[in-house]
Amino acid sequence: MTESFFEKVYNVVKQIPFGRVTSYGAIAQYLGTKGSARMVGWAMNHSHSYDSGIPAHRVVNRNGMLTGKHHFGGPDVMQQLLESEGISVRNDIILNFSKHFWDPSRELL
DNA sequence: TGATTGACCAACT
DNA sequence: CAGTTGGCCAATC
Numbered sequence: 007m008t009e010s011f012f013e014k015v016y017n018v019v020k021q022i023p024f025g026r027v028t029s030y031g032a033i034a035q036y037l038g039t040k041g042s043a044r045m046v047g048w049a050m051n052h053s054h055s056y057d058s059g060i061p062a063h064r065v066v067n068r069n070g071m072l073t074g075k076h077h078f079g080g081p082d083v084m085q086q087l088l089e090s091e092g093i094s095v096r097n098d099i100i101l102n103f104s105k106h107f108w109d110p111s112r113e114l115l
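Per the numbering used here, the first sequence starts with residue 7, numbered consecutively.
Keep in mind that the hints are not guaranteed to be accurate.
With a Cα cut of at most 30 Å, we get these calculated DSS-like pairs of lysine-lysine [claimed, not checked]:
1. K40 <-> K20
2. K40 <-> K14
3. K20 <-> K105
4. K40 <-> K105
5. K14 <-> K105
Using C-beta positions, here's what the derived DEER-type ranges look like [as the list claims (entries may be wrong)]:
6. D57 <-> E91: 16 to 22 Å
7. D57 <-> L114: 17 to 23 Å
8. G25 <-> R68: 15 to 21 Å
9. T39 <-> T73: 31 to 37 Å
10. E89 <-> T8: 34 to 40 Å
11. K105 <-> S55: 31 to 37 Å
12. T8 <-> R96: 38 to 44 Å
13. N67 <-> G25: 30 to 36 Å
Hints are computed from structural coordinates only; laboratory data are not their basis. Yeah, the Cβ is synthetic: ideal placement off N, Cα and C, and Gly gets one too.
Please work from the sequences and hints to get the whole structure.
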C-alpha cells in the first residue's frame with residue numbers, strides 16, 4: 007500500500023455514514039497521529055482534486071464549528087449540505103454535535 | 001533545498 | 001482565563 011497520509015484520510019471520510027459528522031482530530035487519531043489534524047484539513051482542501059465524491063462537509067473541527075465552510079465554493083454551502091442530511095447548524099456550529107459525532111476509531115474499527 | 005503555511009488539538013504559561 | 005507553543009505531514013514559496 008503506497009497510500010499517503012491524506013489518501014488514508016479520504017478513505018475514512020468516504021466511510022462516514024449519512025447524517026453523521028466527525029472531526030479532523032478524530033480522523034488523525036484513528037490514523038494514529040493526532041498531531042496531523044492540520045494535515046487532514048489540508049487534505050480536505052484538495053479533496054476535490056483527488057475525488058469529488060468526498061463528503062468533506064461531514065468533517066468539522068473539535069468544537070463542531072464549520073471552520074472550512076469557505077472552501078466549499080460558498081460560505082453557506084457546507085451548512086446547507088449538513089442541514090440536508092438532517093443535521094441542524096446554527097451560527098456555523100453543529101447543534102447536538104456529540105449526537106451526530108462519528109468517531110472512526112470507535113465506531114469503525 | 002530550507003523555510004513557511006495549513007479547513008487542528010491539547011498542553012503549557 | 002486568555003494567549004502562546006509544540007506537534008504532526010505534506011505542499012508551496
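Hint-by-hint comparison with the structure:
no. : hint                     : result
1   : K40 <-> K20              : holds (19 Å)
2   : K40 <-> K14              : holds (14 Å)
3   : K20 <-> K105             : holds (20 Å)
4   : K40 <-> K105             : holds (22 Å)
5   : K14 <-> K105             : holds (25 Å)
6   : D57 <-> E91: 16 to 22 Å  : holds (19 Å)
7   : D57 <-> L114: 17 to 23 Å : holds (19 Å)
8   : G25 <-> R68: 15 to 21 Å  : holds (20 Å)
9   : T39 <-> T73: 31 to 37 Å  : violated (20 Å)
10  : E89 <-> T8: 34 to 40 Å   : holds (38 Å)
11  : K105 <-> S55: 31 to 37 Å : holds (32 Å)
12  : T8 <-> R96: 38 to 44 Å   : holds (42 Å)
13  : N67 <-> G25: 30 to 36 Å  : violated (19 Å)
Taken one by one, the earlier hints fail for this structure at numbers 9 and 13, listed in ascending order.
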